[in-house]
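Peer 1: Top to bottom, those sequences are chains A and B.
At position 74 of the first sequence (counting the first as 1) the number is 74 in full-length UniProt numbering, and the numbers step up by one without a gap.
At position 253 of the second sequence (counting the first as 1) the number is 253 in full-length UniProt numbering, and the numbers step up by one without a gap.
None of these hints come from the bench; they were simulated from the model.
Check the hints yourself; a few may be wrong.
If you anchor each label on the Cβ, the simulated ranges turn out as follows [as the list claims (entries may be wrong)]: (1) A/L148 <-> B/P100: 54 to 62 angstroms; (2) B/S105 <-> A/V183: 35 to 43 angstroms; (3) A/D42 <-> B/Y236: 50 to 58 angstroms; (4) B/S150 <-> A/T153: 26 to 34 angstroms; (5) B/K196 <-> A/T64: 35 to 43 angstroms.
Calculated Cβ distances over 12 angstroms to all of chain B for the following chain A residues [stated by the list, open to error]: (6) T50; (7) R53; (8) S85; (9) P90; (10) L108; (11) I120; (12) G176; (13) S197; (14) G224; (15) S229; (16) V234.
Below, a list of computed lysine-lysine pairs in the DSSO-like style, where the Cα atoms sit at most 27 angstroms apart [unchecked claim]: (17) B/K196 <-> B/K71; (18) A/K226 <-> A/K121; (19) A/K128 <-> A/K138; (20) A/K228 <-> B/K212; (21) B/K191 <-> B/K133; (22) B/K231 <-> B/K248; (23) A/K121 <-> A/K228; (24) B/K71 <-> A/K110; (25) A/K110 <-> A/K138; (26) B/K248 <-> B/K71; (27) B/K212 <-> B/K196; (28) A/K121 <-> B/K133; (29) B/K71 <-> B/K212; (30) B/K133 <-> A/K128; (31) A/K110 <-> B/K133.
Cβ atoms here follow ideal geometry from the backbone N, Cα and C, with glycine treated the same way.
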Amino acid sequence: MSIFRLLQATCSKPPSRLYSSSNFVPSCGLSCGRFYHSYEHDRPPPFSPTEDRILSAALSHVPTHGFTTTALTQGARAAGYLDISTNLFPAGPFSIVNYHLVTQRLALAKDVTPARHDPIKIPTNINKLILRRLHANKAIIHRWQEALALLATPTRLPTSLRELALLSDEILFLAGSTDVTSVWYTNRAGLAVIYASAELFMTTDTSENFVETEEFLARRLEEGEKIKSFVGGVGTWAGIQAGGFVDGMRSKGVRI
Amino acid sequence: MNSAKALRSLYKSSPYSQTPLCDFLLPSFTQVTSRRDYASITTSSESPKTEPAPEALKSETTAKRRRPLTKEQQQFLDSALRVNQAGELAAVLIYRHQTPPITRSHPHLRPLMHHMYSQEAGHFSTFNALLAKHRIRPTAMYPVWTAAASTLGWVTGLMGREAAMACTEAVETEIGGHYNGQVRVLLSWLKEMEEKGEEVGEELRELVDTLKRIRDEELEHLDEAVGEGAKEARPYELLNRAIRSGCKGAIWISERV
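With the hints as extra help, turn the sequences into a complete structure.
Peer 2: Here you go:
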């Protein structure tokens, strides 16, 4: 009987704790532009004004306190809220990381006008855009390894990867890439890998104005271009050979 | 059937359907898109008389209130344009691979094949541009559809004129119905916006026009294929059924991945 009661109690309880983990990232879900992009309407802001105030204040405390709950509490205090309001962010410090990623991505989209499609300029555009995004990490670069550790936590990994994918999509769009074949996928995957490695490299870069990161990035992008043109070349060659074979057979009178 | 419905409604009401994780990781098999319910097969190149023509289609841009598209509408446009691009890719490849064997044995068909091919190529580049403009990802099955469509075109081309035309007929029947469904959904949005006194916007208006034009051209191909003896193909029933169900399957998959 008691077991039955217990079961009943657990079942009738609203499943709050279990599912609230699904919205550990403040409000920025699918509305951040994965679907059809309209030019006639502005995208809704990813964070509510309250979240925005607290998280941006918290971010300014990151250089001293790192990506910690302390920074979040300090942020809430600075924005004029009670300490308890950090409960708005069940993800804790991760919400600061997410806030930084989302706002910097959107800032990129806001400040840069999409380049016109010009295949020759795309690699340079991509280089510039990645550097611009990396330079936005400057103020907190000495704490960024903490953020990377949070981003790599298994439960956060889907959100991090999604954010990385959205960033590389944004960069390619702004750079003027209009590929809509399977290359769409490989381009984004390649760019995401290059960006992530450059970001990691930057955390250990002690050179003046991150010159070494710039060189690192240029090398990676060059390698990426080489791989891409090699794979593309092999594909074209195979296509031409197959077409030539079929045409040759046809010219011999074979009915194919 | 009833239990499936119950399961679906249960899924919709459960918090899982809201989980961004699921949406992002899995293709959504459980979501019902209303498109198939609207679609009907039209075998004439004329626009159906029953098609609503809201005033909003003609009116110029005004300073009326604008509301952003809902998430469902964005999702619909996203998968609709993705499927259309995949479909046009397939059409281009089918005609390209049918042309050499067909024009070899029936030289009089050369202008017709060329006409259909160049129209399809035009549609393909239209949808490519739309995808790039609206930042929609192409279908992940791109290489698979490339291979499948090339094979289909080549095999039906080798089977002869009637089989090739039967293939065209089957494909265009499906595609025409598919475009019709999309046009109807968009027109119903336009009507709704009009009733609420909202501005429709140039984007949607242009999209409806483009879809209508392309649908009419596809249905023209259908009429031409029937005129060239599509119904005389040897195992006509088999070819027609097989190709049409293949098309349906491909549409179903491309809407999702």
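Peer 1: So, for every hint listed, does it hold in this structure?
Peer 2: Outcome of the hint check:
One distance hint, 54 to 62 angstroms for the beta-carbon pair A/L148 and B/P100, holds here, with the actual separation near 55 angstroms. Here the CB-CB span from B/S105 to A/V183 is close to 36 angstroms, well matched to the stated 35 to 43 angstroms. Checked against the hint of 50 to 58 angstroms, the C-beta distance between A/D42 and B/Y236 comes to roughly 53 angstroms, which is consistent with it. Evaluation of the 26 to 34 angstroms hint for B/S150 and A/T153 yields a failure: the beta carbon distance comes to about 45 angstroms.
In this structure the supplied range 35 to 43 angstroms is violated for B/K196 paired with A/T64, their Cβ-Cβ distance being about 51 angstroms. With a minimum CB-CB distance of about 21 angstroms to chain B, A/T50 clears the 12 angstroms threshold, and the non-interface call stands. Distance check on A/R53: its Cβ is at least 24 angstroms (rounded) from any Cβ of chain B, clearing the 12 angstroms threshold; non-interface status holds. The Cβ of A/S85 sits about 23 angstroms from the closest Cβ of chain B, beyond the 12 angstroms cut-off, so the non-interface label holds.
Annotated as non-interface, A/P90 keeps its C-beta farther than 12 angstroms from every C-beta of chain B; the closest such distance is 15 angstroms. At roughly 14 angstroms, the least C-beta separation between A/L108 and chain B is larger than 12 angstroms, which holds for a residue marked as non-interface. Distance to chain B confirms A/I120 as a non-interface residue, since its nearest Cβ pair spans about 17 angstroms, more than 12 angstroms. The non-interface label for A/G176 is inconsistent with chain B: the shortest C-beta to C-beta separation is roughly 10 angstroms, within 12 angstroms.
In this structure A/S197 is separated from chain B by more than 12 angstroms, as the shortest Cβ-Cβ distance comes to about 23 angstroms. Distance to chain B confirms A/G224 as a non-interface residue, since its nearest Cβ pair spans about 20 angstroms, more than 12 angstroms. With a least CB separation of 19 angstroms from chain B, A/S229 remains clear of the 12 angstroms interface cut-off, as annotated. At the 12 angstroms boundary, the C-beta of A/V234 stays outside the reach of chain B, the nearest C-beta of that chain being 14 angstroms off.
In summary, the hint linking B/K196 to B/K71 is supported, as the alpha carbons are separated by about 18 angstroms, within the 27 angstroms threshold. Only pairs whose Cα atoms come within 27 angstroms are accepted, and A/K226 paired with A/K121 is accepted, the gap being roughly 16 angstroms. Proposed proximity of A/K128 and A/K138 is supported: the alpha carbons are some 16 angstroms apart, at most 27 angstroms. Among the hinted pairs, A/K228 with B/K212 is inconsistent with the structure: their alpha-carbon atoms are about 38 angstroms apart, more than 27 angstroms.
Under the criterion of a C-alpha separation no larger than 27 angstroms, the hint pairing B/K191 with B/K133 is consistent with the structure, at around 25 angstroms. For the proposed pair B/K231 and B/K248, the alpha carbon gap of about 21 angstroms is at most 27 angstroms, so the pair holds. Distance hint between A/K121 and A/K228 is fulfilled; the C-alpha atoms sit about 16 angstroms from each other, no more than 27 angstroms. The hinted pair formed by B/K71 and A/K110 meets the criterion: a straight-line CA distance of about 22 angstroms does not exceed 27 angstroms.
At most 27 angstroms may separate the alpha-carbon atoms for a hinted pair to count; A/K110 and A/K138 meet this at roughly 19 angstroms. For a cut-off of 27 angstroms, the pair hint linking B/K248 to B/K71 stands: about 25 angstroms separates their Cα positions. Pair hint B/K212 plus B/K196 holds up; C-alpha atoms about 24 angstroms apart against a cutoff of 27 angstroms. Between A/K121 and B/K133 the alpha-carbon distance is near 18 angstroms, which keeps this suggested pair within the 27 angstroms criterion.
Straight-line distance between C-alpha atoms of B/K71 and B/K212 comes to about 24 angstroms, which keeps the hinted pair within the 27 angstroms bound. As the CA atoms of B/K133 and A/K128 are separated by approximately 22 angstroms, the hinted pair is consistent with the 27 angstroms bound. With a C-alpha separation of about 17 angstroms, the suggested pair A/K110 and B/K133 falls inside the 27 angstroms cut-off, and the hint holds.
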